[in-house]
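*Asks:* Below, each chain spelled out in residue letters.
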Amino acid sequence: MTNPNGRFGIHGGQYIPETLMNAVIELEEAYNHYKNDPQFNSELTELFNEYAGRPSRLYYAAKMTADLGGAKIYLKREDLNHTGAHKINNVLGQALLAKKMGKTRLIAETGAGQHGVATATAAALMGMECVVFMGEEDTKRQALNVYRMRLLGAEVIPVKSGTATLKDAVSEAMREWTSRIDDTHYCLGSVMGPHPFPTIVRDFQAVISKEIKSQIMEKEGRLPDAVIACVGGGSNAIGSFYHFINDEGVRLIGCEAAGRGVDTFETAATIATGKLGIFHGMKSYFCQDKYGQIAPVYSISAGLDYPGVGPEHAYLHDIGRADYVAITDEEAVQAFEYLARTEGIIPAIESSHAVAYAMKLAPTLDKDKIIVITISGRGDKDCAAIARYRGEDIYE
Amino acid sequence: MSNTGRIAKAFADGKAFIPFITCGDPDLETTAAVVRAAAENGADLIELGIPFSDPTAEGPVIQGANIRALSAGTTTDKVFDLVRNLRGDVTVPMVFMTYANVVFSYGAECFISTCSEIGVDGLILPDLPFEEKDEFLPLCRQYGVDLISLIAPTSENRIAMIAKEAEGFIYLVSSLGVTGMRSEIKTDLASIVEVIRQNTDTPCAIGFGISTPEQAQKMASLSDGAIVGSAIIRLLEQHGQNAPEYVGAYVRRMKNAVMQAD
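Chains as they are written, first to last, in this note's numbering: chain A, 1 to 396; chain B, 1 to 262.
No lab work stands behind these hints, which were simulated from the structure alone. Hints may be right or wrong, so weigh each one.
Said to hold, decoys possible - With a cut-off of at most 25 Å between alpha-carbon atoms, the simulated DMTMM-like pairs for lysine to aspartate or glutamate come out as follows:
| # | chain 1 | residue 1 | chain 2 | residue 2 |
| --- | --- | --- | --- | --- |
| 1 | A | 290 | B | 214 |
| 2 | A | 160 | B | 134 |
| 3 | A | 290 | B | 134 |
| 4 | A | 275 | B | 214 |
| 5 | B | 133 | A | 289 |
Unchecked claim - Some chain A residues near chain B, calculated using beta-carbon distances under 7 Å:
| # | residue |
| --- | --- |
| 6 | 21 |
| 7 | 39 |
| 8 | 40 |
| 9 | 164 |
| 10 | 178 |
| 11 | 221 |
| 12 | 293 |
To be verified - On the chain A side, residues computed to face chain B include the following (Cβ under 7 Å):
| # | residue |
| --- | --- |
| 13 | 15 |
| 14 | 17 |
| 15 | 174 |
| 16 | 214 |
| 17 | 294 |
Quick reminder that beta carbons are idealized off the backbone N, C-alpha and C, glycines included.
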C-alpha cells in the first residue's frame, strides 16, 4: 500500500528536520535489505515465538456472544504476549533491525507506558542502552510502568513541555534523536511519524492479522465479517487490518477515543474531529485549531491520548475501506468492567474502546456473522485509574 | 509583486548578522519595537518566528517563547498585521520561520501570497526537507517568496543536491540537536561550506548555538553570516517589554563582531 516515497494516498511523507534525513534514509535502506533476509526473518520469528509467546490465541468468547445475542465474537489475545500488549511485536522487530544496523542505544516515546516497557524489555534482552520519554502527566497516571521500565534498566525521562502527554513525549524523542544519531535508533511505537516508520511498524504488527486469518480459517473455515481494534496512532489496528485490506467482505473498524465526547474539547478522536495537517513528520489528520496549533487532547486512556492518527488509517478512511468510530470514556470503562465479569479477561482501557463498539455492533448482526476484536493489551495497568474513575481510591 | 532579490541585499555589503525573534513574545507591540531596534542597530536580515504549539526543532529557550506568544493570543493573522505595519518604515529583509502546519492549515496559497503582499521575503520551515519542498515551492516561486533550504552537519552526500537548488540564502545548522546556546561548536563547518560554494553562489549563514560576539565572528568568517535566536529570546525573557533597548545593544555588538570577520 506504500508508494516509494512513503505516501498513503496524500498522507505520510517525511516532514522532518534535515538533520534526520540521512538517518531515515539509512533506516529505510537497512529495512528494505533485512525484510527479505531469511536470517533476519528467522531470528525475528524465533523471538516472536520463543520470547514473546506468539502466536497469540484467537479465543471464542462464548459467554459474551450468548449474552449479546448476535454475532459470534472472537478475541485476538495480544494481551497474552510477553509484556502484556501488542507493542512487543514492533519493538522486537525494530530492536533487531537496529542491532543489525550497529546501533547500541534505543530511545522511545511512551503514552500508557506499554511501548516504553516493551522497548526497555527488548533493550535488556539485546544488551542495548535505553532511554524512554514519557509525559510527566502520564508518569503519574502510569507509575507502575515507570517502575517496570527502570527495573528493566531503562532511563525514564519525564517530559514537562506542552501538555506533558504522549505528543510531547514524541516531540522530545525526536529532539533527542536529532542530537544523537550515530549510535541511536528511535524506536517509534506506532504507525506514525516520518516514512519509513508507518510502513516498518505496520509490517511488524501485521503478524496479528496474518494469525487471525489462519486461525479463523481453521476454526470457522471462513473469513470474519468484521475486525475491530482501537486506534490512537493505530498500530494494533493496522496490524489487525492489514491482511484483510484486500478482502472486501471484511469490515475494518477502528475505535478512536472520544474522551468526554466528540462534541467537547476533551476528546482525542482525530478522524471524527481533526483536519488535514502536517505534524510529527507526516501528513495526516490532526486535532488542531484554525491556525494549525495542535490541540491538547484528552482521553481516559493514556495510550490513545494523541492528537493525530497514522497516515495509512487516514488513507483507509479517505477511500472508505475502514470505518472509524468514537467511543467515550464511560463506554470504554463499561466495556472494561463487562469483559472482566463476562469472560474473566481484564482488557487494557485502550482495547476496551474496541470491546465497547463490539458490544454495540454484535447484537445488530445475525448469529451466523463473525466479529474479531483485538484485545491489544491487558488491563492490570489501568485498575487503579479505573477505580479512581469509579470514585474508589486504591493503592497500587 | 515579487520580493525576490531583497534577501541578496542582506549579503551584499559583507558579512550578515541575522537575529531571530518570536512574534508575540511577550506581546506584538514589544516585537515591533524589537524589530525596529534590531534594524536600527545593524541587523541585515530579520527572522520572524510565527509561534507553533509543538516546535520540534527548538530547544527549551525558544519553546518557552512559543508558549508565551501563544498564551498572549498571537495568531498568524496578527503576525501578518504586525509585518504590514512594520513595512511602513522597516526596509531590512524579513523572513518567516515557522512550521509546515502553520502554513498548510492557513491555506498554503493564502499564506504565501500574503507574505508576498506584506513584504516578507522568505520562508524557513525546519520540518520541510528537500524531499518535501514541492509542498510549497511552486507557490513560493509564483509569489516571489524564497523558500530557504537548511543544511545540517549530517547532510553529507546531500549538501550538493540541496545547495544546487537553494534560493535566497542557505541556513547552515551548526550542530546536531535543537536550537539553543552552546559553549562550543565542534562541527567541521569549513568543509561543508566548501561543498556548498562548489555548488552555488547562494549565500550561506550559520545558525544554532551562537550567542557570543566571538562565536558570531568565527561563524561569519567561515560563511556569509551568523544567525542568533536563543540569546535574543533570553533577553526578551529577562527584560520583557523593556527588551528592545537590550536587543538593540546586543545586535550592535554582534553586528560589529561579524564585520570583523574576514
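*Asks:* Decide, hint by hint, whether the structure agrees.
*Replies:* Results for each hint:
| no. | hint | verdict |
| --- | --- | --- |
| 1 | A:290 to B:214 | 43 Å, violated |
| 2 | A:160 to B:134 | 35 Å, violated |
| 3 | A:290 to B:134 | 23 Å, holds |
| 4 | A:275 to B:214 | 46 Å, violated |
| 5 | B:133 to A:289 | 24 Å, holds |
| 6 | 21 | 5 Å, holds |
| 7 | 39 | 28 Å, violated |
| 8 | 40 | 26 Å, violated |
| 9 | 164 | 12 Å, violated |
| 10 | 178 | 5 Å, holds |
| 11 | 221 | 47 Å, violated |
| 12 | 293 | 4 Å, holds |
| 13 | 15 | 5 Å, holds |
| 14 | 17 | 5 Å, holds |
| 15 | 174 | 5 Å, holds |
| 16 | 214 | 38 Å, violated |
| 17 | 294 | 5 Å, holds |
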